[in-house]
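Peer 1: The lines below spell out each chain.
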Amino acid sequence: MINIALPKGRLGDQVYSLLETAGYGCPAVRENSRRLLFESEKNGVRYFWVKPSDVAIYVERGAADVGVAGKDILLEYEPDVYELADLGLGRCRMVVAAPKGFYDTGERTLRVATKFGHIASRYYAERGREIDIIRLNGSIEIAPLLGLSDVIVDIVETGTTLRENDLEVLDTVVPISARLIANKAAFKFKTAAVEELTQRLKGLV
Amino acid sequence: MIEERILKPEERAALALRALYGQYGYQTYKMSKFEEYDLYLRNKEFLVSDRILTFSDTNGKLMALKPDVTLSIIKNGEDLPGYKQKVCYHENVYRVSGGAGQFREIMQAGLECIGDLDRYDIFEVVLLAAESLALISDDFVLDISHLGILTALLESYSEDPSLRKQMARYLAEKNSHDLRLLCQKENMREEDIVTICDFSGIYGDMESVLTRLRPLCRGEKMYNALQELEQMSCLLGKTAFADRIHFDFSIVNDMDYYNGIVFQGFLSGVAQSVLSGGQYDKLMEKMGRSGGAVGFAIYLDLLQDLERRARDYDVDVLLLYDMGDVESTAQTVSRLRQAGKSVSVQRCIPQRLRYREVLDMRKEGQR
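Those sequence lines, one after another, are chains X and U.
Letter by letter, the first sequence follows residues 1 to 205 in our numbering.
Letter by letter, the second sequence follows residues 1001 to 1367 in our numbering.
Among the clues, some could well be false.
The list that follows gives simulated cross-link-like pairs (lysine to any residue, SDA-like), each with its CA atoms no further than 20 Å apart [said to hold, decoys possible]:
id, chain 1, residue 1, chain 2, residue 2
1, U, K1185, X, V174
2, X, K42, X, R200
3, U, K1286, U, E1036
4, X, K202, U, L1182
5, X, K202, U, L1071
6, U, K1008, U, V1315
7, X, K202, U, R1180
8, X, K202, U, K1238
9, U, K1238, U, V1315
No lab work stands behind these hints: they were computed from the structure.
Let's have the full structure, built from the sequences with the hints guiding it.
Peer 2: Okay, here's the thing in structure tokens:
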């Protein structure tokens, strides 16, 4: 039996469809219910829905053998897990954005509003730029408009929200997509099952 | 005489391991809890976490609560031709660990073999790592890697240390998709990309890994390392644990300190590796020592996960007694203990005690 942590929401639904196509279906998942735990003995899988940012924790701590998490979460929290496949789903970009016409003269400490403090710090450290991280939990786009920050580091899918707030992309930090991750100990004790699942998913993307 | 059933898994393991290491002539090394901070400052990268608990001693010297045992052992040894210092330890170390990023006291057991080493010593330590795991649980896996192979492979592709570091990071994650992108970005040849991506996927029993590894090897350095792995496979293949030992090149450790054989141990039911070790001649060199060194540590705290299931009862018998009735109470307790039962003597039923049975010796009016 493989325990699989799925991220709640649209990405999770897409990932489940992929797993279903790969032969790991569990019909109860499709039923509309408030249940969070589903099992298919026939296909040897147990699914549970968790908050997307928590998937990596469930996997790292071994509550799930494998899971699907965004590359943004993996880069931000650096969980001690294996990253076995890029599922190609939920594609977007982590970008640096600023109000249209912004120019960084480099004279002052750059104020950066973001949910992803670690990723932003690393990006600017590589460039030797002094920054001040302003950690926010949502509506990041508003920070430069109110003078709270100079730029933002955030995830962009289509760019509509940025455009509607008169912001433009200055640079792409890293492309993001959903990744199949595995607990290291689970990989050792369920090697064949985890490798089989990985290969079947890789065959579909 | 200690009854084994009352011991926690980590206590049972600590006793069994000390006996095992003694059989191989490893001497117990008892050390002070403190060390001069300067030792860790000079070797920060060797430590699991670079955050250290410090304080000033009575002379104003900056001291640290030990975050590591190995550095202290190396610091105190001496180099003599043909001599090997073999020590084992059971110590608490203090480092940042866990999700909250707080300092924790971590119970660690392990051993070090330091000095004029040869291949027998490396084999003995790897064997002891496997035997240590087997003493704790039947269901274990010991993964072995060789940094000589990894270093040679990466050096054959790039002269840029930061690029090699990034490639090693992807190998550690078994992340062949990002490794491929990185190699493509660096304009590496497609056949080289295929080789290194193949390499990242190699995992399994010793013989099948060697079969897949042989065609990927090139250069003298890599062949020497391969030959060492082949010998290791041959020796370990004759032990009782042969099918529990795998080769896995995702173990990369810190290549500035480690070289040669490195390994990690896992137990079914524990989510993290419980054993970690390897050959660290480069650390010896950095600390001005001439010999080689190999050793490992077992994180005993993690063994708690092996017995997470709570006991159903706190005691077998709850004995309720009258204050004046000391003698017969004492006799009853003695009789129950001789019958192998645990007893909690109370005057009334405690709210938070779970018991199998109640023996009420109180007189009618006192109940």
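Peer 1: If a hint holds in the structure, say so; if it doesn't, say that too.
Peer 2: How the hints compare with the structure:
no. : hint              : result
1   : U:K1185 x X:V174  : 14 Å, holds
2   : X:K42 x X:R200    : 17 Å, holds
3   : U:K1286 x U:E1036 : 17 Å, holds
4   : X:K202 x U:L1182  : 19 Å, holds
5   : X:K202 x U:L1071  : 44 Å, violated
6   : U:K1008 x U:V1315 : 17 Å, holds
7   : X:K202 x U:R1180  : 14 Å, holds
8   : X:K202 x U:K1238  : 37 Å, violated
9   : U:K1238 x U:V1315 : 46 Å, violated
In this structure, the earlier hints numbered 5, 8 and 9 are contradicted, and the remaining ones agree with it.
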